[in-house]
Amino acid sequence: MTAAPLLSVRDLTVSFGGRVTAVRDASFDVRPGELLGVVGESGSGKSITALAVMGLLPPTATVTGSILFDEQDLLAMPRSRLRKLRGREIGMIFQEPMTSLNPVFTIGDQITEAILVHERMSRKAAWDRASELLEKVGIPAPRRRLQDYPHQLSGGMRQRVMIAIALSSSPKLLIADEPTTALDVTIQAQLLDLLNQLREDFGTAILLITHNMGVMAEVADRVVVMYASRIVEQSGIFDLFDRPQHPYTEGLLGSTPELDADTPRLRTIAGTMPNPSELPPGCLFAPRCPKVVDACLAAQPALVPVAPDQRAACILAPGLIESTP
Amino acid sequence: MISFVVSRLLQAIPILILVSLIAFGIIYLIPGDAAVVIGGPSATPEELEQIRRNLGLDQPLHVQIATFYINLFKGDLGRSLTLGIPVMDALIARSPITIGIAIYSLVLTIVIGLSTGMLAALNHNRWIDQAATLFALLGVSLPNFWLSLVMIVLFSVMLGWLPTGGYIPFTQDPIGWLRTTTLPAAALALLQAGLLTRITRSTLLEVLNQDYIRTARAKGLPEWIVVGRHALANVMMPVVTMVGLVLSVLLSGSIVIESIFGIPGIGSLLGSAISNRDYPMIQGGLLFVTTALLLLNIVIDLLYTALDPRIRVKGR
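Just so you know, the protein sequences line up as chains A and B, in that order.
Using the numbering used here, you'd call the opening residue of the first sequence number 1 and step up by one each time.
Using the numbering used here, you'd call the opening residue of the second sequence number 1 and step up by one each time.
If you are wondering where the hints come from, they were derived from the structure by calculation, not from laboratory data.
All figures in this text were calculated on a predicted structure; none of them were measured in a lab.
All residues carry an ideal CB built from backbone N, CA and C; glycine is no exception.
You can trust all of the hints, since none of them are fake.
If you anchor each label on the Cβ, the simulated ranges turn out as follows: (1) HIS124(B) <-> ARG19(A): 15 to 25 Å; (2) ILE300(B) <-> PRO287(A): 50 to 60 Å; (3) ALA4(A) <-> THR241(B): 51 to 61 Å; (4) VAL111(B) <-> PRO287(A): 53 to 63 Å; (5) SER154(A) <-> ILE298(B): 27 to 37 Å; (6) PRO58(A) <-> ILE300(B): 30 to 40 Å.
Required output: the full structure, derived from the provided sequences and hints.
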């Protein structure tokens, strides 16, 4: 561990109505300026984790554990203080650029609003700042664009506007929940470049949620792999690709298409993720795991260190077996 | 924007022609001989002949239609059979009263309907929500003439706060106007407010689940701005649509309400015209009310484009 973490999530558990648990015992850190990727299938708890950090979960959610941001516990602080933190210290962009902007207000209105709620300045100054932000996220003719309504912009443009809003108060942490999923591949690449560049320019730490391993490979420093509400592996990006410790990670990597590889058919992970309201005993991945042994069905393995800066929740992790001969 | 207004006005013309034809045809809807019905059983043949000549019924049909339209363009709707004055004069004299009450009632409808609907949606599934839903249901299902009578008994007879009826012009005594118009306006408004409560509640519940509301919260905006600005701006569209409907019901409802409260507006004018078989007056009233509603709907369409930028661009 180098610098103190900017965001430190410990034993985060989120459940809805006491029956469905969407996130279980999630613990991870985001260091200043780092890009942490969270990867997993739909319904693995990635987005719920992000919303929990933002304090934007619906009131029906029960959240336990702790979320330390800059050494303040977000879960323990009053709602009004959390609100002031949102947008100013932690920005967020969402998966659906088409519907994430309010259709009846101009782009300029929506950006300056985000600026003015956190900083005292004239409308004129805020408007200038908004124009600069649009330029920074790569929107041509920003002055004119500020007058536009969301429906006049393409999906990629709208996502850029969302990024501009999220960056409006220079947050220390940017949470991006599948920011490129709804966009064309070429636009995806441009936006990832943009995120990367903004991280270098502003030193903003980014928590990037995606189900796309290719996206991870391109931008992430470290990766958290989630499966059925649990973190199953946590690792630096190179170790993850070179020496995946959890069979699920292996499966994910195997099912990523490669252009030059001579694979006749894309590999898949057999089966589907268990229903969160009726989870199997033991390891949650056991029913789909190609390496499953009897011991897997006995208890859910804990997330333990298996190699330097690499943790996995699997009793068969190669790192574990090597270290205990 | 001007071309939009012009095109809407042009669209209104066929409707007006249709309505005027219906108005013209009313006289032929009278079973048997119109003159006998109007003149009554004691009328002599000479009197009947006189009535026919006055109404132009002795002319061939095409002459009747031509005369009707020529007079219409001159603003001449004929002469009331019972009041003995031109129909147009009667309508012009009475309309400010009805319009005043309609506006008052509309304001009440919007204030009550919007606030109750918002309260209900923001307290979804709690007792406030249930109370508001019950209020909306009562408002929608209670007939407004019955409501008027109950209100007269309660506020005028038992509590003595407001007069049981009558009308004082606003220009003469604003407080007196308020005292005489509050009960009729409220009686008209409660039913509409019930409808508006329902629409506001369901729309706001839907809007609050939208992604852009989550974005607004993620920006760190205080909740009252999230609801009062971001959500409300999107709730206004269905509400404005609703207002168009409200206005037409307010005008037709005024016939009953004005008669109950003894208010000399268009409503009671038409009410007595109908019961006295004052056909020229019924014709004139029909034309007048339809034209007013057409114009109001054009205004509402304009409001729409002001509220929703997506429509504005398409309309260009």
